[in-house]
Amino acid sequence: MSTQQGQDAKFFQRGKIEEFRAELQAAEAKDKKYQKRKTVLKKIVANITMGNDMSPLFHDVIQCIGTPLLEIKKMVYLFLVSYGRSKPDQIHLVIPSFLQDCNDRNPLIRALAIRTMSYIPISVVTEALSDQLRHCLKDRDPYVRKTAAICVAKVYTADPRKAERKGFVELLRDMLIDENATVVANAVAALSEIGDRQDGVIFKLNLTIANKLLGALGESSEWGQIYILDSLLRYVPEQHSDAEMMAERVIVQLQHANSAVVLTTIKALLYLMNYMGDRRLIDYICRKMGPPLVTLLSSGPEVQYVALRNILLIIQRRPTVLKNDVKAFFCKYNDPIYVKLAKLEIMYRLAREENAREVLAELEEYASEVDVDFVRKAVRSIGRLAIKVEPAADKCIESLLKLIETKVTYVVQEAVIVTKDIFRRYPGKYEGIIPKLCENLDALDEPEAKAAMVWILGQFADKIDNADELLDDLVYSFLDEPAEVQLALLTAVVKLFIYKSQSEVTKALVHKVLKWATEDIDNPDLRDRGFMYWRMLAMNPAIAAEIVLAEKPAITTDSDRMDRGALDQLLLHTGTLGSIYHKNPETFIRNAAGRALIDSPALNANSRAVLVTLARPQLPPMAISVSGPGPVEPTRPSQPGEVANNVPLPTILESSRSDERDLLDVEGDDGAGGDSGEGYPDGDDDGPVTKAADPYASLGGAFGGYVTDVPQPVGGSRSGDLDDLLF
Amino acid sequence: MAIDGLIILDPAGRPIIQSSYTTYPAAYPLLHIEALNNALAKAPREGSVDPVIYVGELSCSSACCHVEVGGMRFVATISGDADPLIAFAFLDAFTEILQDYFGVVSVATLKDNFDIVYQLLEETLDSSGHPLTTSPNALSDIVLSPSLISKLLASVSPATPGVPSARQGGSFGSNGASGAFTSPIPWRKAGVRHNHNEILFDVVEEMRGIVGKNGTTLVSNVFGKIESNAKLSGTPDLTLTFTNPNVLTECAFHPCVRLQKWIRDNALSFVPPEGRFILADYQYKPPQSALVSNVPIPLSLKANMDMGEFGGTFALTLTSRLIKVMENLELKFYLGEDATSAQCTLSSAGSSVGSVGSADGSWSFNSRTKTLRWEILNMRSSGSWILRGSWTSKIKAPRPAHAFQISFEIPSYSFSSLKVDQLRLSSETYKMYKGVRMRSKGSIEWRW
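The listed protein sequences derive, respectively, from chains A and B. The numbers in this note's numbering rise by one with no breaks, and the one at position 694 of the first sequence is 694. The numbers in this note's numbering rise by one with no breaks, and the one at position 143 of the second sequence is 870.
Keep in mind the hints are simulated off the structure, nothing from the lab. A couple of the hints might just be wrong.
[Claimed, not checked] A few chain A residues facing chain B, derived, Cβ under 7 Å:
(1) Lys42
(2) Glu219
(3) Trp223
(4) Ile251
(5) Gln255
(6) Asn258
(7) Pro291
(8) Leu297
(9) Ser298
(10) Tyr305
(11) Thr320
(12) Asn324
(13) Lys327
(14) Phe330
(15) Ile337
(16) Tyr338
For every residue, glycine included, the Cβ atom is placed at its ideal position computed from N, Cα and C.
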């Protein structure tokens, strides 16, 4: 072994095409054990890795394909995988070798051949592959069958309609009952891949097949288990008992060592719970889900991160999960920042009266840490805790005041921002601390903090003796302030004037600011608001007072929980990118077919009430609505995000596809009528169905700017409608 | 739910090996590499980059999932509605396979064996991104490990037509090649023979805890693992029982364990794979009332901290609460971004084993990581160890970490006192050698 060390490193040297060609030719003679050829090919493959174009050697390399040495064959195939597609005029030279290998005695070679062919989307190759693939799908060797199953998905990607015509989908379906668990799992994977395409056939499972697949779970590899568990989301239980029975069979998988298996199991359970009736069983499953989630936190930081983002979704939908485990989310000093921030959010979600004290103590600890970003979030969380858990509010305020005394600027600013919301949540309770805040006026240099402070000054101008002085000072730099602060100043000055309309100072102040706002400022928002205030004050100051000082809607924490229907939908994506970004994949991934709960008699009434139906946007609406007697068709919820992000695919649905509708478990996407697709229209026996107009509107809003670390994959931000009352 | 491909980057961020990305534009992997390198370069500190980096430049949105392995970065790119956890689980599995094959995973070993890495990649990750075979038992039949190749090369006489052709035709020809898949048990290859049959279990328990300012334990959890190494012939059906199985909670098992049996009689019944594997993960919770859910932390720390201007002084006293000897105890203390130097003296007191005079321990200050490190190789059961010192800082009000990170090992000890009752072998008749070892370690955050 040691003698070999360092030898291969020399392959990683830039080589010239001509040299390689000469070496290959030289290797044809006197090549004992094909060692020479092997060496040259190794160098070539190393060069491919380094990004050097080796395609001019195409002709020379394919000469080696017949070499009776598996290692060489593998390298030639690797070369073909890299360059085959770029040589449509020469690829036919390889076809005979491909066909020969497809019928080799050695199953490894048979599998290698079809696998490589499926990577080359050139018609001569795909034509040749078609027949071979059909044989290989029924090969006696499971290794070949399992490879062939995956190849079907690739053939399908190349030309969906053709693959359907050739009956590959049915062949795959038949493999679902193969005797070998790996083959079953790969067939499921391939069908899922096909089913996830917007233009693919819909892959649905019936009870019998779903049970068969579960039977294969035990013998599958961890990856196979993931495919099978994930495919359970394609089974729609018709009765509570079906869902319950299935969950009982699945739940044991929570004891799997692979974190991805655990999370996929949880996804399946969360899905099945929507169709269950037995409250006690649901509670039992919720209790069972907690510990494995905590165990995920003992893995590496990467897995922790994914797990935490998912936990955040899960506990919003099923608050009993992890209810008593807030301690598991305490941050450690050495945790990476992304883990800390995710934990912090969960701690806030899990906080309630019983554990508020512990949580607050932790947050105070974090507020003294070194990382600025984290400290800020911690301070903000103290404020949110005060708003969420009323009995803890006193302690939280105390703690915020202590933090303000530290005079660390960013701590002070965060504290001011949250204090503003606390004032709104508990009117008349904590205004006593205003003088403390005023002491730190000079420390505020961030717009958000400054605007918050200005709001406080204006809102409580009647309680602050020197409010006019303080505002006068602040107004000094009015023209240089960012718009956010300018708006706040304008409103605050108007409020001040309403409280103290007799004071000359106030009059002069409001006049000055209104004049600036309407004459010197280009920002239309500011100008319009300025004009509005001006006219109101001029026409009827009494009414202006009523409007400006109108009672504010009470601030609550309800708004920072996600919309239930959107949660239901997102949880179908547990573990996936969507669950990390808290967005539905079809909103940021092109060609992703969305997932939505499907109605069935077993669907939980609450879930049904918030059911989000999925439009398959590429299908033109077939039904033409003519106004007249009869029930009005429920209109499809408008999903601007979805439509905007999906490039409509031209789908001319061929009539020949209709024969697939008869398939038992693989349903043809008949495409007739806009109501096909994965979401059934709500049956008319469901009673009134309230649909969120835009189910995604509140997604970002739930974290409304608070979790700024959330990656924002969608270009068009939705922040417009998320300025909810909290943050 | 698919992984697009895998890229291995060297420490400088250049690709060493990457999967073929056949169905993607040529720029696809490059864009991801660039996105990752940019994110890493921008990171204020090591380890602060999100492990899932969104790459939005392409028409199809995708993301990089990355982990650091031996100084390199293993990147799995995913797109569509893919599962990052599958990506990470796959990266873990692939790293383990590489370790299995090459012993050490480093730039040098990967470059030396890149053809084998490619073969492994081909077998483990399908180009449409489905992880396939990651069980080492099945892989070893399809891809020869370098040690095996050299062994075969050495044993084959020059006259024979060469090793690999023997694979194609000869003795372990076409049927043997995919033996792993015809084997009725997916994680175990058929027809294994050993002259000496043995199975070894290593029970490793790790305590993770946080101790608050006032010295009370906020959190302490013990996560355990039963690592196994099996060299058994045939199809050995094993049953492992414990005298106190109730200490094992929240178990997660290797796929070979029959779950129903565990639920029914708390016995681990399984046909093991060949070689190393992790039989079970568990959590240990003390069986007492729910009130004291914390496992007691086996040491205590008294910290007298005095913060001054441009630095501070401290006196730390560590005491063991255990009868066993703790080893490789290490205490780390981050002194803050602006720390410049530290000076310490060591002493120990009341040690029963009369090591008066020189205290066995050492300290050091790393000026790059700004971390003070205190090490005690052997911490006996009684007595205490003291570190006194001071540090200096460039700024007037230094901001050191408000927590010490303490790690330690305890050989031949388990927090749970898990005890194996017996290991029975059925379905085979040979005698086997059995061994069980216990080992514990801990990492505690102690705040002040």
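Here is what the structure says about each hint:
no. : hint   : result
1   : Lys42  : holds (6 Å)
2   : Glu219 : holds (6 Å)
3   : Trp223 : holds (4 Å)
4   : Ile251 : violated (10 Å)
5   : Gln255 : holds (5 Å)
6   : Asn258 : holds (6 Å)
7   : Pro291 : holds (4 Å)
8   : Leu297 : violated (9 Å)
9   : Ser298 : holds (5 Å)
10  : Tyr305 : holds (5 Å)
11  : Thr320 : violated (17 Å)
12  : Asn324 : violated (9 Å)
13  : Lys327 : holds (5 Å)
14  : Phe330 : holds (6 Å)
15  : Ile337 : holds (5 Å)
16  : Tyr338 : holds (5 Å)
Taken one by one, the earlier hints fail for this structure at numbers 4, 8, 11, 12, listed in ascending order.
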